[in-house]
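Peer 1: In case you want the letters, here they are:
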Amino acid sequence: MNTAPIRVDLQLIADMVGPGGRALDVGCGDGALLAYLVNFKRVDARGMELSQAGVNACVANGLSVIQGDADTDLRDYPDDAFDYVILSQTLQATREPREVLKQMLRVGKRAIVSFPNFAHWQVRLRLVFGGRMPETPSLPFKWYDTPNIHLCSIDDFRALCRDMGVRVERAVVLNRNSRRIHMPPLLANLFGEQAVFMLRRD
Amino acid sequence: MLEDVTEAERKALAQCRHAVLGSDRPLRLDCGVELGPYRVAYQTYGTLNADKSNAVLVCHALTGDQFVAGKHPVTGREGWWESLVGPGKVLDPARYYIVCSNVLGGCMGTTGPLAKDPAGNQPWNLRFPVVTVGDMVRAQAALLDHLGIPDLFCVIGGSMGGMQVLQWAASFPKRVFAAVPIACAARHSAQNIAFHEVGRQAIMADPEWKGGDYRIYGTAPERGLAVARMTAHITYLSELALQRKFGRNLQDRNALGFGFDADFQVESYLRHQGSTFVDRFDANSYLYITRAMDYFDLAGQHGGVLANAFKGTATRFCSISFTSDWLFPTRENRAIVQALNAAAANVSFVEVETDKGHDAFLLDEPEMFRTLSGFLQGAASARGLR
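These protein sequences, in sequence, are chains A and B. Using the working numbering, the first residue of the first sequence is number 1, and each one after it goes up by one. Using the working numbering, the first residue of the second sequence is number 203, and each one after it goes up by one.
Treat the hints loosely; a few may be bogus.
[Said to hold, decoys possible] Computed list of lysine to aspartate or glutamate pairs in DMTMM-like fashion (alpha-carbon distance at most 20 Å, straight line):
# : chain 1 : residue 1 : chain 2 : residue 2
1 : B       : 513       : A       : 73
2 : B       : 513       : A       : 79
3 : B       : 513       : A       : 80
4 : B       : 513       : A       : 44
5 : A       : 109       : A       : 44
6 : A       : 109       : A       : 169
Hints listed in this document are in silico derivations from the structure and should not be mistaken for laboratory results. Since this is a predicted model, take the numbers as computed values, not measurements.
Bound-form chain A, shown alone:
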């Protein structure tokens, strides 16, 4: 069994998932979170991943993963198929983030979403004073080859949740050292480099 520690934001997500339930990790990559959920939380965890290499690696490790696209393939699942549907660091790369969120909350009783905050002070500085598209540790791409086509700030995301009538059960904000910060929303939107939200249909 792999006992290596997982990325801080993945650990945060894992901590939000109750033991013994059913979870779908959309964009599960190499399956690190899935393996953790299966091995340490007895979760019936499934994955969906766009890259075939990622899928093959997961299945070879005994994980239940299919090749699929968050934008199109969540539609295949029935309502309430999972307790949790997880989307980590992928929302900003989807074609229709709002529709993806809607599907996640149809398929799952809860959705857990993590994303980079485009209103982080480093991003703001680079754009305002550098005059160039921001490149930061969590957004390391050139503007012309980035997969991130729908970036948003923490406040943008909250606004979307309000607009969709989705209840935010938990929101955790991490600074650039991946430490949790506890600040009022205005400051969290400035100092948070990424955020993890747990959502529920209202």
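With chain A held as given, fit chain B onto it using these hints.
Peer 2: For chain B alone, coordinates are given in the frame of chain A:
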């Protein structure tokens, strides 16, 4: 029931086991006929463990048979899934009790058109009832009953074998812990049926076929069966694989022959495939088994909705397709996965990158082995198998 078997069947039955089933309770076929008694020839590898939890059923494809591994008693060649089954391999007899039976309608010892009809005087030939993939699976289930195997750790197969896997999962979900349908589809497409029809017409156009009664007349429709095999063989390969293997290379000559001998290597290869096939396969059996595949439509059995075939299933699935397989392309395999998702089933799906076409499932494909080994490992630990 062992009188009057063909030479090939006699050799096969001498090297495997067989059961005579359906004497008390005949097999009710999809066409409505009740068949019984009937014989099922099967081969086993490994030992059934004490709690009977390690049985693996391997389902063979159109022209396969029960000899998955080891020397084939008729052809003398190695088993058709030697790459997968054997000591130290993905399906290791040290760990699993592996069973493979010749399908109903087959010609390697299981009852099919070669067998004598109930009147006992003549082979059934075309009077043998048309069988389906569902019938094949029911015969396998009856064999498991006979062997005292309550449920299977895994059912696995490629092509028509994959169809049987799907049928197993749909018909006997509680008897299937894990299912691995490879390079297959939940229904035979128009193109699949079309190619089979060409093969059948080739057989039936052979004057030696004699309306299917060639054994009575002492003839053999070898030309027709060989052409059927040649056509089918093309569909098992990708264009790229053919090009790479043969290109336009000439066979045993330096210049074009300006005639109709096998000038090209690819012609010679196909002729060889055809001529060796007729030594081990029966033409009527070929008609029946191709028909069973044509009739396969799992959604059709479930009100037109494939997901209904898997409703409430607890079986763990692993579906595998190959990028260059145009006979059972990825999209057909993906349709199965989509239906399984719609049924909220536990499913993994891997598309293996290869240029070897449909036949890839029989070949040395490390990515497929890694996938299978990971999936089976996960399933085994979920089942508490050592």
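Peer 1: Each hint: holds or not?
Peer 2: Okay, the hints, checked on the actual structure:
no.: 1; hint: 513/B to 73/A; result: holds, 19 Å
no.: 2; hint: 513/B to 79/A; result: holds, 14 Å
no.: 3; hint: 513/B to 80/A; result: holds, 15 Å
no.: 4; hint: 513/B to 44/A; result: holds, 18 Å
no.: 5; hint: 109/A to 44/A; result: holds, 15 Å
no.: 6; hint: 109/A to 169/A; result: holds, 12 Å
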